Structure formats: C-alpha cells, structure tokens
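Residue numbers (the numbering used here), protein chains in the order written: chain A, 6 to 644; chain B, -17 to 476; chain C, 1271 to 1442; chain D, 9 to 108.
I should point out that these hints are in silico values taken from the structure, not numbers from a laboratory. These numbers come from a predicted model, not from an experiment. Even for Gly, the Cβ is constructed at its ideal location relative to N, Cα and C. Just to be clear, a hint being listed does not mean it is correct.
[Unchecked claim] DEER-style ranges, computed between Cβ atoms:
1. C:G1401 <-> B:G400: 22 to 32 Å
2. C:G1401 <-> D:K96: 47 to 57 Å
3. B:A176 <-> C:G1401: 42 to 52 Å
4. A:P246 <-> B:R81: 30 to 40 Å
5. D:K96 <-> B:G448: 49 to 59 Å
6. A:R30 <-> B:R354: 49 to 59 Å
7. B:E468 <-> A:H121: 41 to 51 Å
8. B:W473 <-> A:S7: 44 to 54 Å
9. A:P500 <-> B:G400: 24 to 34 Å
[Unchecked claim] Computed, partial: chain B to chain D, Cβ under 8 Å:
10. V135
11. E136
12. F160
13. A438
14. L462
15. V465
[Unchecked claim] If you want a taste of the chain C side facing chain B, the calculated C-beta under 8 Å gives, among others:
16. L1413
17. V1417
18. L1420
19. H1431
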Amino acid sequence: MSTVGALLLGLPLAAATLIGILHRRLSTRTAGTLAFAMAATCFGLAVAAFTHLRGLPEDARHVAATFWSFLELGRGDAALTLDVGVWLDPLSVTWALFITGVGSLIFLYSISYMEHEAGGARYFACLCLFLFSMLTLVLGKNLFLTFLGWEGVGLCSYLLIGFEYGKETAAQAGRKAFLVNRIGDVGFLLGMFWTWKLFGTLEHGELTPKLAAGLAAGIALPPLLALCYFVGACGKSAQLPLFVWLPDAMAGPTPVSALIHAATMVTAGIYLLCRLSSLFVAADWALDVVAFTGAATALFAGLIALRQRDIKRVLAYSTVSQLGYMFLACGLGAFASSAFHVVTHAFFKALLFLGSGAVIHALHGEQDLWKMGGLKHHLPKTAFAMRIGAFALAGIAPFAGFFSKDEILGVAFARAYAGDPACWVLWGAGVLTAALTAFYSARMITLCFDGSSRLDAHSHPHEAPAPMAIPLNVLAVLSLVGGIGLGFEALHWLPLHHWLAPTLAPLDLPPLPGALLWGLMTLAFLIAVLFWRIGAKWYSGDCEPARAAELTFPRFAGALAGRFFVDEIYGALIVRPLRFLAALALQFDVRVVDGAARGLGQFAALVGTGVRIVQNGTVQRYAFWMVAGAIALLWLALG
Amino acid sequence: MDLATDLAATAPLWLPMLGCLAVLLLETLAPGRSGHLGALVAGAAIALAFARLVATAPSGRLPFGMLADDALGRSLTGLLLLVGAAVVVLAEPLLARLRLAHGEFFALLLASLSGMVLLVQARDLMALFLAVELLSIPLYVLAAFRRLSAPSVESGFKYFLLGAFASGFLVYGIALLFSTCGDTSYAALARFAADPARLGATWHVGVALLLVGLGFKVAAAPFHGWTPDVYEGAPTPVTAFMAAGVKVAAFGGVLRLAHEVLPDGAGLRAGLALLACASMLVGNLGALLQVRLKRLLAWSSIAHAGYLLLGVLVVVAAKSHAGATGAAATPLADSAVQAVVFYLATYALTTLAAFGWILDLGRESAELQDLRALRGLARRRPWLSAALALCFLSFAGVPLTAGFLGKLYVLKAAFALGTELIVPMVVLAATSVIALGYYLRILSTLYMERAPDENAPAPARLGSTGVALLIAAACGGVLLFGVWPEPLLRWLGG
Amino acid sequence: MLSERTAFLIFSVIALIGAVNVITRRHPVHAALWLVGTFLGVAGLFLTLGAGLLGAIQVMVYAGAIMVLFLFVILLLNLDAPPDEGLSFARGASLLAAVATLALIALPLARAPELRAAATPESPVADASAGQVANVLFTRYALPFEVVSLLLLIAMVGAIHLARRPRRDETV
Amino acid sequence: MAPQSWYLIVSALLFGLGIVGFVTRRNSLVMFMSVELMLNAANLVFVAAARDHVPARGSACALFVIAVAASEVAVGLALVLALFRLKKSVDSDAVRELRA
C-alpha cells in the first residue's frame, strides 16, 4: 500500500514538474491529455487503496507509510520530529476518491475549455501542482504535512485565479485570496504548535489515542485550541467573516472555480474539522461556535446570492452557503453527515460550474444572467445537465443534495427535539436557507435557460464539444444517484457513515422516530419544490430586467396569489423582511467586500506618509530614533 | 598557552587576514594590474580557511584566552566564509565592468570578513568591540567604494557617521560592564552576573547601551534608519555582504552574549521584545509601498532582524525557565540557539540569491531596480523570474522553502516556553501577513502584469557565469533545504 | 602638591567646559580647539588615576595627531562659519531626547550603591605603569593587539582609496 | 582619593554631551567630534574602574579604544573629503538623495 501512497503523491508532482519544465514546447492538448491521464491513474490508485482498506477488519482500517524523515528540531524534551509519509484511512481515502474522481473529469473538461487560451500548458502544470498539494493535504501522515498541503493549495489557487495574464481584477482577486487565507493559516499554525506542546505529537494516527489518554487522565482541553484550527478552516472554507475572498476568486477560469473553489479545496476546512473531530468534541463550547458560524454563513450567503447578476457569483455565494451547512453539521457533532454533504456537493457544484462554463464558453465570455435567457433551445444538453445540478442544489428529491442536506437539518431538529433550545434557531436558519437555495437555483436556471432570449443579435451559441460534454453527463448522473447511493437515513441505508465511523467522533444523539423522520423529509421536499416554483414563475416569461431585478412585493404576491390565500400575511411576515435583508446583503457585498480593498489602500497611503516622515534621509533624523530607542531600552532596563 | 595549538585552531580567522595582506602585497608589487588575481587570492584564502574549518573538529578550548572553538562558532564561521566566497563571485564581474580597483576591494572585503569571523568567536568584550570595528570600518569604505558616484559616497558617509555614533554607545556599554567586575572576559562577567543581587544600575545601563550598539549592527528598529539608504546606495555585492554577512556575524555575537553572559531579567526581556516587535512592524510596514528592489530588501532585512531577535529573546528567557521545570532548560536554550542559527543560514542563502539576481539583471543601473521595470518579466525571462519569485516566497516564509522552516523553528522554540512570549509571537504572526502583501505584489508584477512594451527586447544580463551559477546554487539550496533540511540542520548543529 | 580631589575637580571642569563648547561653537575650527581642551582635561584625569602612560598617549595621539588631522581637513576644505542653525522643532525634540538619555545614564550611576563604596582599593597588585600595561597587552590582550594592527592598516588603505585624486580614466 | 562614582558621573556627562552634540549639530565634522567625546567618556570609565581591580587592564582597553578612534578618524575624514568633492558641503543634511 505504501507504493500506492507514494504514487498518489508522486505522479501529480512528476506531471507538474514535467509540464512545468516543457511548458513552452507542449501544446495545450498534449499537456492536458498528459495531466488527465495522470489524474485518472490517481483515481484508479485511490480506488485500489479503497478496496484494500475495505478488505481489512473495521478497527484496523488504516495504513501508515513513511518515506523519509523530514526534520528533527531540537533535542531531548523539546524535540519535534516530523516524517514525510502517507496515512490512509477511510476519511483520507474518501477525500482522495472524490478529489481524483471529480478532478479527472475537470481535467478532461479543461482540455477543450483552455484550447484557445494562451499558456494552456502552464495552466495544466498549475492544476497538477494543485492536485499534488490537495492530496498531500488529505493523505499526509501528520498535521504538518496537512499544513504544507494547505499552504500549497492556497498558492496554486493564487496562481490559477490570477492565471489570465494581464487581467488586473484577477491579479487583485488572487492576492486577496492568498492574504485572507493567510490569516486562517496563522490560526492553523498556532493550533499545530499548541497541539504539539500539549500532546507531543502531530501524527494523525497518534493524536486521537493520546487525546483519549489525556482526557482520561483529566486534562482540560482548552476550547481556544480548537478555535485556532477553526480559524484556519474558516479561511480556507470561506466562512464568516473570512469568506470575502471566494466570490472574487471567480475571476479565474471556470474549471478552476469548479475544481478548487467548489469541489475540493474549499472543503479542506471540513476535512480538518473531521480529522480533528475528537479534539473538537472534547473542547467544550468550541463546537457551538462552529455550528453558529456555519448557520449564519449559510443564511447570509444565501441571501446575498438572491440578487447577484453574474452567474458565477451566484454559484460562488451558493458554495459559501453550502459550506455553511457543512460547518453546521460539524458543529452539531454530525461529522459523517458533513462529509456526506461534502461529497454530494462536490458532484453537483462541479456540475453547475462546468455547466456555467459551457454557457459562458458558448456566449464568448458573457456572465451576466440578464444577458442570457432561452438558452435551452441552443444548448439543450447543457440545460438538461444544469437543471439536474440545480435540482440537487435546491434539495429536491431524489437528487443528491436532498439526502445530505435533509440529514443535516434532521440532526439540527433532533438536537432541538432532544432538549437543546438553541438548536431550534439553527434548524430554523437551515430551513430558511433551504428555501432561499431553492429560490435562487430556480432563478438562475430560469434566467439562463428559460423564457425569451435576451442575447445579442449576432450571438449564435452552440453546444460544447464532446470532451466538455462527457464530464457534464457523468456528473449529472452522479448528482442524480450520488445521494441515494451513499445514504438514506430513513431507510437506515448509511454505507458512507459506516465506512467513515472508525475515523470520526461518534454522534451522541438518540435517533428520531421513523415517522418524524419521514415527516421532516416531506417538509424539506415541499419547501424546496414550493420555492423552486416561486422562483421559476417569477423570473419566467419576458422578464423585464429593470423590474424583475427588484424583489417587489406585488410581483411576489402575484406569483403566489393563484395558489394561496395568505398573500397579505405572507408579504408582511416574509417578503418584506426578506427584501430588507437582501438589500442589506447586497450592500454588504458592495461596501464591505469591495470596501475592504479600498480600506487597505487607505491604510497603505497612511503607512507611506509615515515612512516618508521617519525616513527623511537625514542622519539627524535617524540618530534621533536611535536615541529614542536608547531611552526606551534604558528605561526598561532600569525598571 | 600554546601558540601553535591556538593558531591551528583559529586558522579560519587568520587565513582571511593573511589573504588580505597578500592581496595588498600583490597590489603593491603590480599596482593596478593585479586584475583577477586579487579575486583568486581572496577566493583561495577563503577556500583554505573553509577547508581547515571542516577538516578539524571543535576542541572546546579557549584559543588566545578569548575565542570560542565550539559548534556555534564553527557553524557560523562556516556560514560567513561561504557568504564571503559568494561575495567574491558577485563582486569580480562588477569590478571588471566598472573598472574599479580590484586590489583594495578584496583586501577590504577580507579584512571585514575576518572581523565577522572574530565576532562570532569572541568570548571577550574587547574582542567583540574590535571585531565590530574590524567588520565595520572596511565596510564604510566598501559602501563608498564607487567614490565618484554620489549615491555610493552618500551611503558610505551615512553608514559611517551613524556607525561611529553606535560604536560610541557600544564601547561605553562595554566600559560600564568592565567597571562592574574589572574584567572583559565572558567567563568573568557570567560569574559576576550569577548573583542577581550584585547587578546594579551600572550593569543594567551597560547592557542597555550594548544592545543599542549591537542593535545598530543587526539593523533592528529603531536603530534601523541607515539600512534602506545604505543598502540602496552601496554597490550591490557590498549590499549583499552587509545583508548576509553582517547579519550573521552580528547575530552570532548577540547570540553568544545572550547564551553565555546575560542573565534573564524583566528589563532585558522587555528590551529585546521591544526591539523585536518594533523591527517586525517597522520593517514590514516600510516595505509595504516600496518600489525599489534594494530598498525593499533592506526593509525586509529589518523585519527579519525582528524575527531573529525573537529567537534571541527565547534564548534569554529559556534560562530562567530552568528554575521552573528543572533540567529541561538547557535543551530549550540550545534549541533556541540552533533555531536562530538555522534561520540565519536560510536568510543568508535567500539574501545571496536575491542580491545576485539584482546584480545579474539590474547591472547597477538605477532604473532596472524599480519594480515597475519588471512588469511581465516572466514572459521574457522565465527562469530568472522564477528565481526571484522563489526568493520572495522564502522571505515570506511560504512552506517548501527554506525560509518557512527557519520561521517554523524559531516559533517552535518560542512555543516551548508556553505563553511567556505571547506578545512578540502575535506580532510575528500579524506582520507575516502584512509581509505577504508586498511579497505577493512582486510576484504579480512578474507574472500577472503586462509589460508596457511587449516587443521590447528582454533586459540584458550581466553575463557572468559565476553570478548565474551562484543564483542557481542558492535557489537550489532554498528549495532543497525547504524540502529536506536534515543535512543543513546536522551541519549547523555540529 | 595638589590633593587628588582638587586635581580631579580642576580637570573635570576643564573637560566639561571643553565638551560644552565643542557642541555649541558654530565654527568647526573653534569646536576642534575646544575639543583639544577636553582631551587635555581627560588626560589630566588619567594622571589623577595613576595611569600616566595613558595620559601621555592621550596627549600625543588624541590631542596631537587626531586633532591635527581634523584641523587639517577643516582648513583644507576652507569652511566658513555656517549660518546659525536655529532651533527647529526637530532639533528641539532631538535635544530633549539627548538630554533625557544623559539623565537616564548619569542619574542611576550617581545613585548606584555599588559605586559609592569608599574608594579603598583592595591593595592593587600592580599599577598602570608602562611595564604593567605592556605586560597585559602582550599576554592577556595579545589577540586584540594584533587585530588593532590590521585595523589600522586597513583603515589606511581605505582612506587612501577614498581620498586620492581620481585617475584620468576613472568613470562614475 | 576621589570615589569612583565621581569619575563615572563626569564620564556620563561627557557621554551625554557627545550625544547632544551628535543629534543637534549639522556639520558632519562637529558630529564626528561629538563621537570622540563619547569615546573619551568610555576611556575614562575604563581607567577609573580599573583602579580598584587591575589598573593596567583598564589602560590597555583604553589604548585599544584610542587606536580604533584613530582608524575611524582616518576613514571618516577621507569620507568627508570624498563627499565634499561631490557636494561641496560637509553638512550631514546636504546628502539626502537616498530616502523614503
């Protein structure tokens, strides 16, 4: 198995190096084919690792392999020894499976997508490097390697966002992403040192036993330690308030958005939380912080998504919102449910991004939803696939997202039902977000594919070529069956949960009665369908942009009036607050997200003035500071 | 005292001195015509010294009653000799190009180098003082070596005036410490300081003034004023020598003082923490808007002084950690010393690569040192751009580069003390985020911005194989030690 | 014969008055001449401490050689008395800071208990005569002595390089 | 005999006057003279302190300081000359091409 582990890391690195060195000689197609072959092989290796682990007894399902000793710092008690190697267990292999699986599809898609772009080979080199870093992150045998991968994916993301040479917004977005992530990384690093100080190890395989031993011996685990990791996870997985980088990161090529900013990298935070689940469970109130941050992010990002015009920004905010669900699940202690949603989300969000990429490709770079419309006549296959993805996102049964999302809502409900009143808030936020999700998914699909065309007169969109269509079809199938295939709680069909069980902290919650479970499911289904209908109805027809852009009450009520007789109450209770919140959220997007960049500029100007005053070029000024320093030192020395 | 044994043990110190004399003699015999011979002699002297260094094992003796022949001195000496050799490689083509006097340059370089070696081995305050002077006085001249160029003379002049001022503080501090026990040897001072009751105002004022003098040499804020101006004006090889060599040597001196003499105390801790935090903040904020490469590196060198001072602070603080947890203190302090040395090695390596780069592409012309001239360079000079990007990633402490491990090691040493040093650690974390701001700006200048004239020919290079090889070797080291640091750690650990 | 304390007072007053004038005279030549006064005062203080050799060296090297060099350069550059430098905000701040440093050094030293002990030397084993100083220089401080020789040599080389007239073909 | 602290106070005053001169004067030659004041202050401490221990040691240290001062003067005055050649001034704030 150690060969498999070595190859899983070695192949992407080798491919990245090879393509990177030869990037001027290789055509985009050759480089892409090479990269795709590598990714597909990696998927095969991950499957091999999976079958090997399946063959082991349940409590011995892990394989550790050490390649070489990386470094040994200090001596004696203060020593810190770190090895380079892999740690294969159900959790890491699950992540490796969907990273390489979805990854290979996106690599395949990229071959056509990038064909006409300059520097395609460089792009694939970065993509391979990304795959290497991501696999290091999940397969590394200790937290330190995970951290190295963590930094590596950040760097690749930076390189790929800013890929389009000379595009200033992209360069800025890349910088912002890297900087915000760095704040999170500081948290991770601090957490790592603290862990080492407490337990004397960073190995994945040793941490949980040592933690259990420590808890048995009666040490108190500081919640702040868990929060350090949580800050790291917030940065990488775009949670409040560190989510600001993700929407801007959509400036990069669309396959990159699909791979990095939807399916894989942004779930690294969830991976970290799952990996350290026993630590989080032991750390008192830390999980509450996780749950509330997750719920708030889910709701907040969902609201912002309501009013976005750019198709990729809608998807970006929906990603943030879905990641919020995953954090909510972790916060509730249901790490397996979180992982379940990670997997289904990887399927349908990659599908949606690739689909939107096909649309943007067909429209020669147009991303504004108001300049689309009626595309189902031009792009029937893409429209069909995207609709499946959107159903999955909206949580409509039997599509994948329904099962995973319903399970998270079920856990929140069960906690509340078991007597934790705060969880009613979490459950409410989750349900409200589900409604919002259905609404904006329908809005996006309707504006894009239905209704009458608002395209430019001389635009002739055409369906994407086969290498782009195949990944869409495969992902569409996965979005259809990926949910029911991996878990259906009400039928006690939970293969993924059982598979992951040895590596995660167990959920200490009595199961809900079956009838309640079915009832909740029906409720979730009805809400999703209802809000989908509302969204679809509202934005269909010859939707006039200027009017439809506003969440006007009469129009909303009119859409409802045919069916319900509660429009007045509804308007007062839901629509008005909703409109207010959506307006607020839009303001947030404009002021805070963009304002952060402006604020940095002003700070920099202030610094510039300060430096000019201090560093005015005269010896006297410098001598003055030296004397000031001497005064300070003397003062401190004399106490 | 056995003179022969002492001489044998201190070959790395006197061989550069001898080389200096040889170069001068050569220049006297064939004035103005020694040409490459000066570089050869200098290189040979350094190589011989290095060979002697690796051929013998540290004896732990006290040569001449005031030098150290231990692992710390050995590893830093080795580092300094490598830096010196690299600077010879950097300087030779530039001197030839500018038609400057070779002989004097290499004589001054070797004298300064021997001062550095003396500084890291000194175990006596008088030796420390003379080492600082032997290091600095030739450097003042080297900074102003292009004596008809206004920026060069200005930088030498500023460095000299402020340097003389700082050495006034240094020598007064030494005198005060001498006055406490009537001796200048570290052993006597440590014996005196062992009893905290004896440490009065004289001692504390002396230590504070000593820190002012040494703080100037390591370019710690607020004694940093000279750094950007002098780095910018001095010839690039000299700047490289200052940035890499002086930093290593001065920190070597500080490290030994902290390890062997200075007792832990609230005042000293607060003073070191103040210098560390101020340096990190001032260095990183100063670099934020800087567009000239050499000045940018100067500010970043100030910031790195801050990170290193945190390591020194750990060395001092680990001493009284002894009282709390018993025997664990010595490994703690040792590991902190090792951390600082490792950091110095990675910093010197990266700095040499970066200044080699500036020399190679900038060729001492002022306009090519402006960042804006580098827009879109990755298109036209992919390998060189990658080299610079790597340097800055290492400076920023991004993983898989040597710079990251240096920071990691220092932080780890600080963490071993628990939360005692939490303030400087938080400042380190915060400022390393600021630092990324300007390091990334360079990366996007190289890789993402568009050159104003895409069809203009790529800027010419210096065309020196030695310099190109040096950059390649240093970058290779940055990458290699970032991935596989064991050999370096073992070599530095002795 | 003067008492040692009287001699101390006289020489310190000379040294301090000289120092004050060095930093306040506008013309550098005047400052340099006052500096000679300080050097002589300090040399006198050395004598009161029994360091006769050092006092002689102080007079010869400092007051003699070094100051002549200073005066030589000042006269070579033919500098006029500069205009009054005035008291700007920056200079005021510098002055304040410098005075604060002075206070932070002088006051603690003046009050330091370890220095107020009665001056009863523990029967010095040796004095600072030429023979004794030479003994220390060539045994205990042999290495610094050698280093100083290199330092003086290299300073000379550097000074020559900087100050000699440009060659005809020399470029910037 | 006069107590050691008297000498130390005189030396501290000399040292402080040196600092004052350095930070307030513009003429680089006078600034440099102020540094000489600081060095002399240090010498006074060496000799005065050694009186109670090993007197010759203090004189030896002071001798080194004098030698260092001599080499600093040689280099420093050469730098002033080189500067004067380019700028026709020896004022320290006449050279501020390199800044910010």
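Which of the listed hints are broken here? The structure conflicts with hints 1, 3, 4, 5, 6, 8, 9, 13, 14, 15, although it agrees with all the remaining ones.
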